[in-house]
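Protein chains in written order, with this note's numbering: chain A, 1 to 150; chain B, 1 to 150; chain C, 1 to 150; chain D, 1 to 150.
Simulated from the structure, these hints should not be mistaken for laboratory data. You may find that some hints are simply not true.
The list treats identical chains as interchangeable, and a pair is accepted whether it falls inside one copy or across any two copies.
Below 20 Å or equal to it, Euclidean Cα-Cα: the simulated SDA-like pairs (lysine to any residue) are [as the list claims (entries may be wrong)]:
no.: 1; residue 1: Lys25; residue 2: Ile147
no.: 2; residue 1: Lys25; residue 2: Ile36
no.: 3; residue 1: Lys25; residue 2: Gln127
no.: 4; residue 1: Lys25; residue 2: Leu95
Computed from a prediction, not measured in an experiment: that's the story for all the values here.
4 protein chains.
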Amino acid sequence: MSSADTVTPHAQPEPTVVAAAMFAKDRVAQALGIAIEHVAHGRARLTMHVRADMINGHGLCHGGYMALLCDTAFAYACNGYNAVTVASGFSIELLAPAREGDLLTAEGVEVERRGRSGVYDIRLVNQRGETLALFRGKSRTLEGQIIPQP
Amino acid sequence: MSSADTVTPHAQPEPTVVAAAMFAKDRVAQALGIAIEHVAHGRARLTMHVRADMINGHGLCHGGYMALLCDTAFAYACNGYNAVTVASGFSIELLAPAREGDLLTAEGVEVERRGRSGVYDIRLVNQRGETLALFRGKSRTLEGQIIPQP
Amino acid sequence: MSSADTVTPHAQPEPTVVAAAMFAKDRVAQALGIAIEHVAHGRARLTMHVRADMINGHGLCHGGYMALLCDTAFAYACNGYNAVTVASGFSIELLAPAREGDLLTAEGVEVERRGRSGVYDIRLVNQRGETLALFRGKSRTLEGQIIPQP
Amino acid sequence: MSSADTVTPHAQPEPTVVAAAMFAKDRVAQALGIAIEHVAHGRARLTMHVRADMINGHGLCHGGYMALLCDTAFAYACNGYNAVTVASGFSIELLAPAREGDLLTAEGVEVERRGRSGVYDIRLVNQRGETLALFRGKSRTLEGQIIPQP
Numbered sequence: 001m002s003s004a005d006t007v008t009p010h011a012q013p014e015p016t017v018v019a020a021a022m023f024a025k026d027r028v029a030q031a032l033g034i035a036i037e038h039v040a041h042g043r044a045r046l047t048m049h050v051r052a053d054m055i056n057g058h059g060l061c062h063g064g065y066m067a068l069l070c071d072t073a074f075a076y077a078c079n080g081y082n083a084v085t086v087a088s089g090f091s092i093e094l095l096a097p098a099r100e101g102d103l104l105t106a107e108g109v110e111v112e113r114r115g116r117s118g119v120y121d122i123r124l125v126n127q128r129g130e131t132l133a134l135f136r137g138k139s140r141t142l143e144g145q146i147i148p149q150p
Numbered sequence: 001m002s003s004a005d006t007v008t009p010h011a012q013p014e015p016t017v018v019a020a021a022m023f024a025k026d027r028v029a030q031a032l033g034i035a036i037e038h039v040a041h042g043r044a045r046l047t048m049h050v051r052a053d054m055i056n057g058h059g060l061c062h063g064g065y066m067a068l069l070c071d072t073a074f075a076y077a078c079n080g081y082n083a084v085t086v087a088s089g090f091s092i093e094l095l096a097p098a099r100e101g102d103l104l105t106a107e108g109v110e111v112e113r114r115g116r117s118g119v120y121d122i123r124l125v126n127q128r129g130e131t132l133a134l135f136r137g138k139s140r141t142l143e144g145q146i147i148p149q150p
Numbered sequence: 001m002s003s004a005d006t007v008t009p010h011a012q013p014e015p016t017v018v019a020a021a022m023f024a025k026d027r028v029a030q031a032l033g034i035a036i037e038h039v040a041h042g043r044a045r046l047t048m049h050v051r052a053d054m055i056n057g058h059g060l061c062h063g064g065y066m067a068l069l070c071d072t073a074f075a076y077a078c079n080g081y082n083a084v085t086v087a088s089g090f091s092i093e094l095l096a097p098a099r100e101g102d103l104l105t106a107e108g109v110e111v112e113r114r115g116r117s118g119v120y121d122i123r124l125v126n127q128r129g130e131t132l133a134l135f136r137g138k139s140r141t142l143e144g145q146i147i148p149q150p
Numbered sequence: 001m002s003s004a005d006t007v008t009p010h011a012q013p014e015p016t017v018v019a020a021a022m023f024a025k026d027r028v029a030q031a032l033g034i035a036i037e038h039v040a041h042g043r044a045r046l047t048m049h050v051r052a053d054m055i056n057g058h059g060l061c062h063g064g065y066m067a068l069l070c071d072t073a074f075a076y077a078c079n080g081y082n083a084v085t086v087a088s089g090f091s092i093e094l095l096a097p098a099r100e101g102d103l104l105t106a107e108g109v110e111v112e113r114r115g116r117s118g119v120y121d122i123r124l125v126n127q128r129g130e131t132l133a134l135f136r137g138k139s140r141t142l143e144g145q146i147i148p149q150p
């Protein structure tokens, strides 16, 4: 980091650095094999394979796991500014099922951010590029930072 | 089953019987330690403990797991009629966080059912009775039965 | 108001008094012929007739007017505490259509209120008691009062 | 219509022609002064001025009218294929208020369409380009056509 950066009061770590710090503590992403493929300010792309223990009583991937992957992409997209940000709610439209072995990709983008509130849209696709779900998350920024700054 | 039942075209297994058949194939509920405490037509109450592998990068229960438990209660509530029913979407308001070791209870009730569509509300509370989340699910009934009838 | 009330710092006007003050300034409710049938803390029931100018290009009541009536019931339910409260968002499931001349009733109840946030559910029915829509509103309380208190 | 068109089974009127036919019967759009600025397959942009009779008890544009304009843009976007299509539900995030005299623009785009279901996103902005609301509509295509084809 240049000396010019160090005197800028709002200098923050890069989104990739923030994401790495989050992932190191993120037991869920680690346990489910979620991979962070891309992060940027207001953006994140994550992948997850549908495992046998994600299959529900209808023989399909539990919609809750599809939502969880989207919610995780949402979290990485909205926390990249290094300000602790949580979900106040979300909605999801489940358009098509996923099956064991499918590779799911959740791609999230910031639609709007104003003050402490934000809206993020996440599209969930499978390995054939078919859209399985559309997720919209609402964020709320709290006090504190992912990587505390001096 | 009595002979009277066998001539009733719409006789269906009890919701508890349907739930047991679903649970036997429900890898998610089994793997996460979800317990089916109560089921009835259009109703279900499920519990789950927040485990260490449900904790996200902020040190709190991942909202996706809170949604997943609600979604599971929704599934058991709307499938009790023995007609295969799936979620077409849901929304959740996340009001308060859960922490490792908390006991979560998701209680679902049918708000409306018309033809192949239904709306179900699920309230998520912790062991102190505090409401953590409010979930609303939209169901769509497909062809087929959980326990095929002759 | 009794002298006991005057020393209670949080004494507020009754919800019916607050509703009357709101209605007096509510150009929308007046112009659309919306009637306030009942209000209480966290509750409101409103009615509206579907007029010719509420009919859309499909010959049915515009879903936007069904939502608007629900949103108005939501507003009267959440402002009854005399603290200025606005909607931060809502969702609506449109289950059945309304037609010209129908009498619509929107009944709203508070599901949860915590700090400055609340969740309210409104059910919209017609004159035959058929549920036409289910609405869920999220409220945010601002500074200020409907009827300023000394 | 050329002979080439008459042998194409799925030839349909242009979206602008469909929109004009809808608008001719759309009492709501006419009464509220809603203007159809642009339509295309899966797209529509509409404008409306906030009138005095759209002001609620807080002195702001009623959120119901903001939703109604978005819902109308949604309707024109999803009916451009000339197949009768209705809203099964929608959600809206209200981010900032509108005031009397403001010029509101609702711009809608199709996010996904599969079989008889679709998802459309509408952004509502004011005359300064500020985003006031984000709306997501779910459509269901019925039998019938806006302009019946031979």
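Taking the hints in turn, this is what the structure says about them:
no.: 1; hint: Lys25 with Ile147; verdict: within (12 Å within a copy, 43 Å between copies)
no.: 2; hint: Lys25 with Ile36; verdict: within (14 Å within a copy, 31 Å between copies)
no.: 3; hint: Lys25 with Gln127; verdict: neither (28 Å within a copy, 25 Å between copies)
no.: 4; hint: Lys25 with Leu95; verdict: neither (32 Å within a copy, 23 Å between copies)
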